[in-house]
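Chemist: In order, the protein sequences belong to chains A and B.
Under this note's numbering, the very last position in the first sequence is 595; numbers go up by exactly one each time.
Under this note's numbering, the very last position in the second sequence is 188; numbers go up by exactly one each time.
If you are wondering where the hints come from, they were derived from the structure by calculation, not from laboratory data.
Misleading hints may appear alongside valid ones.
[Unchecked claim] Quick list of in silico lysine to aspartate or glutamate cross-link-like pairs, EDC-like style, CA-CA up to 20 Å:
1) A:139 <-> B:161
2) A:463 <-> B:173
3) B:47 <-> A:90
4) B:171 <-> A:194
Given next are the chains, with one letter for each unit.
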Amino acid sequence: MTHVKRQQLLRQASLLLLIGAGLGFAGAPSARAADQVTQDRLLNSDKEPGNWLHHHKNYSSTRFSTLKDINKDNVKNLKVVWTMHLAGVEGGGIWTHGGLEGTPIVENGFMYVTDGWGSVYKIDAHGGKGVLLWKMDPKTDHDWAGAVACCGVDNRGVALWGDLVISHTLDGRLVATNKETGQVAWQRQVADPDKGEVITGAPLIVKNMAITGVAGAEYGIRGWVAATDLSTQKEVWRTHTIPGKGEPGSDTWKDDKNSAASGGGSTWVTGSYDPATDTIIWGVGNPGPDWDNQYRPGDNLYTDSSLALDANTGKVKWHYQHTPNDPYDYDSVAENVLVDVPAPNGTSLKLALEADRNGFAYAIDRTTGKFMWGLPFVKKVTWTKGLDQETGKPIEYDASKQVQHYNPAVTPSRENKVADICPGNMGGKNWPPTAYNPELKLWYIPVIESCNRITVEESDPQKLKAREFWTGGGPSQPFKITGSVTAIDVTTGKVAGKFETPFPNLGGVLATPDLVFSGQPSGEVIALDGKTLEKKWEFNTGGGVNAPPMTFSVDGKQYLAILVGLGGAWDKWFIDATPELKRIQPGSMLYVFAL
Amino acid sequence: MTIGKRSSSVTLIGAVIVAAILSTTSAAFAQSATAADPTDAGKAVFKRANCFGCHKWHGNGGGGYGGDALSLRKTELSREQIIETVSCGRPGTGMPFFARGAYDTVKCFDMNRQEAGSNMPPEANTFLRPNDIEAVADYVIAHIKGKGEPNYAECVTFFGDNSRVCDVYKKAEGQPAAAPVATGAKPN
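The following block holds chain A by itself, in its conformation from the complex:
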């Protein structure tokens, strides 16, 4: 057959398929121009209240939905309406099983979710039931990726662009899947597991680009954020989170062992975008080796920082570092929530809010990168006495010192090889996302109330090898760890309430006008009063909640959706701090609730 004829036949076949698809879903909206996801729709995602188009709901990462058919008066009647078993529980590499950490994306009644190994599922959520339309299995190389995934077989979800579903795989690919057919349109290797790089975060779509972050700071990577042009499938820019020799910030790595080359700085949580200034704001993780900060004297920029990048070029506009020369593994990978708060004289403060693993919540002026305020959001902080009110740096930070010890009595170091730190190294808040209610001006943080023990091992450059741990020690769990949902009033910068939970919050939160939804790794999905944080509803899923709730509407009816399947870092590395969770079985299930 000639090439041309084959093309024609294929085109006819696709047309027939499309017609077939249209007939197959008569009564339900099928492919149409309105389903194309454009930059305009992504900019105005909150004008589509029934949809959830971005990983964090909108470019500001508020995870706030205006839907209020489910509210504090009737939430007690919330019930499961459908469920769906997903796959991806199998293990690989150093992992015995996968888990679910994803946020479902919903567009016009169709839902897109991922499992830990990166399979994408398209589900028709019309008519009060869930029907699986297709599953795209990217055939992730389990052992290649799983052997260098520090913290679980995880995938936090997809993004939408044009007629494509954009997703990542743990083994480092960016995959574009046709939204209608579930066929892979193209894919591109963005991260290299041979270097210890894997991808767990959802992509962020900005204009015609997919923005990708990377994980691997426990394996001696040099982190980056990369932009792929979705039209040409070529890389537009890649900004390393650790400056190259001679670049600004490179002088914050002061050793003679080239520690910067393996200095970590992962970017595995999806960032935010400020269209007003065309700026991407992205969190950067810990330096490596995690606990031997004497190996890497200097502030170690841009680890543990929020980084503002020019969306077109990837150039660093500003940075704000939270824990210079970090000896604790206090990542700043968390999402930055972009919030405008009224200020005197009719002006408004343009803030970027970040709840850091170091236990402090920060408000930064997102136009300048200047510190505005900060406060502890966990019950117990021991590593520092507090933040300098002007700079926001830990009070004990001494710019003239190359190695920081903060509160030396509790800080891990070569001199203090066994140290108990609060928060523990999973942080006061890990990747599970916060939510912000712009009406109540309350910001809800999913908290791990914790301490743990760090044992330092002096790093030997001879032991630095691709695909091997590069941590300079490790944690153990002699203390029981609990959790909370903590609310912060962003007009005052003060804690407005705390709902304590028996287990750490490993799933994140969702805010609606008068409710906050969250979950527990012991299985409960909960709804709290948005103002008082009083519990209004609870349902036990029978699995471990390790993913954020989201809400959507279809055919005029509001639903709550959440993935359930305990995996991730907790299950393997931190379970001794919550022995009761050992009985939670691996699972992979989608729950959808409605009144």
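Given chain A, work out where chain B should sit, using these hints.
Modeler: Here is chain B on its own, set in the frame of chain A:
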């Protein structure tokens, strides 16, 4: 009786029988011409009991999020001591015990659960039968203990060749890595 003090002749006979049975069965299913490795049963236990979750496939262990699993390549433990460690775990560390009844019906290091107190090692997710524990010890001695840096051949023997997990060793050894999987061109 204290596990780890059992007669070595009995265990040796056990291991030989197990190895013989397994080599027969695996030979029957073997697709390659190479003779089955008598320690394949031990390798299967190494995987099933998730030894590689901390010690890694190559046994070097190393620091990490779970603390420091000791190197089985550099271990000086004898076969008997490895059997004892797997059976009883290592008190005061994260190395779990894999023998059913350890510290309860059978003392470990002359201790029961009460005597071990806060040094009681964690219970493994999978209990192993005595012959499985012997098999995994034999595997560690034959393929891991005393070995130098992990290499490509060892890696492929462990994982098979369906994954790119071993390519990094191939690169290090100066051989061309397997061609990258085609990054799906557009259909049509």
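Chemist: Each hint: holds or not?
Modeler: Hint by hint, here is what the structure shows:
1. A:139 <-> B:161: Answer holds: residue 139 of chain A to residue 161 of chain B is near 15 Å, not above 20 Å.
2. A:463 <-> B:173: holds (17 Å)
3. B:47 <-> A:90: holds (14 Å)
4. B:171 <-> A:194: holds (10 Å)
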